[in-house]
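Colleague: What follows is each chain in one-letter form.
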Amino acid sequence: MAIQRRTLFKDRVTELRRGRQARGSRRKQGGMAVTGGASRRRLMQGNEAIVEGAIAAGVRFYAGYPISPATEIIELMSKRLPEVGGRCLQMEDEMAAMAAVIGAAVAGAKAMTASSGPGISLKQENVGFAVMVEIPCLIVNVMRGGPSTGLPTLPAQMDVMQARWGVHGDHPTIALAPWSVRECFDLTVRAVNLSERFRTPVYLLSDATLAHLREMVTLPAPGELELVERPRPSGNKRDYVPYRPGPNLVPPMADFGEGYRWHPDSNVHDEYGFPAATRPEVADSLVRRLCDKVNLYADEIVQVEERHLDDAEVAVFAYGSVARAAAQAVADARAEGKRVGLLRPLTLWPFPDQAVARVAERVKCIVVAEMNLGQLVHEVKRASEGRCRVVSVNRIDGLMMEPREVEARLQEVL
Amino acid sequence: MAALAPAANMAELLQRYFLIERLPTLWCPGCGIGTGAAAFMRAFDRLGLDRDKTVMVNGIGCSGRVGAYLDFDVIKGTHGRSLAFATGIKVWRPELKVVAIMGDGDSAAIGGNHLIHAARRNIGIVAVVFNNRTYGMTGGQYSPTTGAGDAASTAPFGNIEQPFDLCKVVAAAGGTFVARGTIYHVRQLTTIFEHALQHKGFAFVEVISQCPMYYGRYNKQGGAAEMLRWQRDHTINVKAAAKLGAQELGDRMLIGELVNEQRPEYAEEYMKIVTQAQARQGGQG
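Chains as they are written, first to last, in this note's numbering: chain A, 2 to 415; chain B, 4 to 288.
Think of the hints as simulated: they come from the structure by calculation, not from any bench. Using N, Cα and C, we set each Cβ at its ideal position, and we do this for glycine too. Please note that the accuracy of each hint is not assured.
[Stated by the list, open to error] Computed footprint of chain B on chain A; a stretch qualifies when at least three of its residues, placed anywhere within it, have a C-beta under 8 Å from a C-beta of chain B:
id	region
1	88–97
2	250–259
[What the hints assert, rightly or not] Here are the simulated lysine-lysine pairs, PhoX-like style, with alpha carbons at most 25 Å apart:
id	chain 1	residue 1	chain 2	residue 2
3	B	Lys275	B	Lys56
4	B	Lys171	B	Lys203
5	B	Lys203	B	Lys242
6	B	Lys56	A	Lys238
7	A	Lys80	B	Lys275
8	A	Lys365	A	Lys382
All chains, please: the whole structure from these sequences, using the hints.
Modeller: Structure follows, in structure tokens:
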């Protein structure tokens, strides 16, 4: 154990040195690579890809608070956003950061914040506010081990249920989980688009591994990206009814300061934004609509990647950085002639019920690999409805899940 | 929008800025918040400001319902976070006038951190605090401005905490406009609001208000009229006070403009950074 710790420490020192070198070289480039268009091929870390993805998606406002392992995001934003006409605020605390994001979003900005477990816990009251008054924004959680301050700079996937239920009260959740640096970029763009389309906060769930992982990526040119804008009202400003749902149940959202004069009120409110706590039918229809506007369109939100599932007897369900180990384990097992496959959700919420059900129909067992003590495994069990066995493989010690751990579990169930 | 002539009377003021269909207010009889809100709108009206370039942020509590009756863009935010919401709005749209209306529990307890940091940044927000020394909405608990020895529903044996002097707190944190008024001195309060609305930077106005229903009842201060008299007898204009010694001042609170100075405003400073960064980039992005 002692040796292992020492090796780990040495690796991390090397990684830190490399990081410092890379940061140095980035300074020399002056951050030109992306906007300059000369070279869209770059070596970058996950946190950096999130920054570039957000800017490419049109995010022009960031408010945050320093916290490992998300800090690079606010550091890079503080340089990049002014360059593209945006603003980056370091607020006095996490609650203020979330509130400032909402303020800017109400005034028309595509806005975001990023943090890690302890900070995400603090943000919850205003995440709930954004859900209730329907403010689009992006929240990046670079997951580290918990509970509490836990493992400050080491990876985990312990916040996947917090993303779903951290906010009190019934509400929908959209949460995406990238597994590579390039996907950090792509899913950040998608998360911003989804938040705009559905007028709701969207989580991007990264982790400490992806945050600091460096990979060569070729970024798409700005014109290649499809960007979504929130529905905005048209017509006479005096006729604006702020919470009258448009098509797809999403009401059009006016920017503050344009004369629409509306009240985002987090109490249960009617179509006019008037508090309506004593009108049961209003309370009922509002919360149902908030959930339905997302859940009825789950098909369009859920993305999964499937590998070798056609003939698989056993499937591995894995997401985020753990899916890298799972993919390797599956490839190794197949090289040995084992009929195994991989189901990798890119969307964790809404949960990919149908994809899991389809797989559960065909395999005898699903192995759920997670860096927690078993959180999404319960969702897999629910969605598979007893059609197959569901077992877990877990790791919570701050070290990455390795392919051999997944392979060992596969051997047990094959 | 062309500026209108100032409203001739209260009925016209109400008609112009308030959502008449949402009246009556939820405030108790004798509460000072409505008088203070009307004074604020009177000041706004006198200045002929464009309401569609003015946005408001409210918190939670009795003062947190002011915005509910106003025909403006109003965020009715979470408890204590008004200034943080307002900061996001102001930095994104520096040309807007941003007003945060809070209470003492809202701004000084749960939102105390945001208050001192907004003051420190000198961000262009008009921050109004209705200080009635209690949590009225939840039934009269003690707040950070409740006096030591006062009674409250959560201090049945007397409050053992020392109160904040909010103006001193904000001034110490770097607020560039700090003023205190009372509901009794409503004309002076209106003038203070006018100056606060014209100030470039963080403008803080503490309004000493009365809550006869809870604070007044628990502390045997009588009804609204007696509490207003108390405001008259326990305050002194800051200019008059300058001529008096500490002994003559007694326990009277200073009212008027306590701080009024110029320092760079935050959103404006941030926009300089944007201009510089974009110039360095050669206008890219």
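Colleague: If a hint holds in the structure, say so; if it doesn't, say that too.
Modeller: Do the hints match the structure? See the list:
With 7 residues carrying a beta carbon less than 8 Å from a beta carbon of chain B, the region 88–97 of chain A meets the three-residue requirement, and the given coverage holds. Residues of the region 250–259 of chain A lying with their CB closer than 8 Å to a CB of chain B number 3, which satisfies the three-residue condition for coverage. Distance check on the hinted pair: Lys275(B) and Lys56(B) sit about 22 Å apart at the alpha-carbon level, within 25 Å; holds. Proximity of Lys171(B) to Lys203(B) is assessed by CA-CA distance (about 20 Å); at most 25 Å being required, the pair is judged to hold.
Distance hint between Lys203(B) and Lys242(B) is fulfilled; the C-alpha atoms sit about 23 Å from each other, no more than 25 Å. The straight-line distance between the Cα atoms of Lys56(B) and Lys238(A) is roughly 14 Å, inside the 25 Å bound, and the hint therefore holds. In summary, the hint linking Lys80(A) to Lys275(B) is supported, as the alpha carbons are separated by about 14 Å, within the 25 Å threshold. With a C-alpha separation of about 13 Å, the suggested pairing of Lys365(A) with Lys382(A) holds against the 25 Å cut-off.
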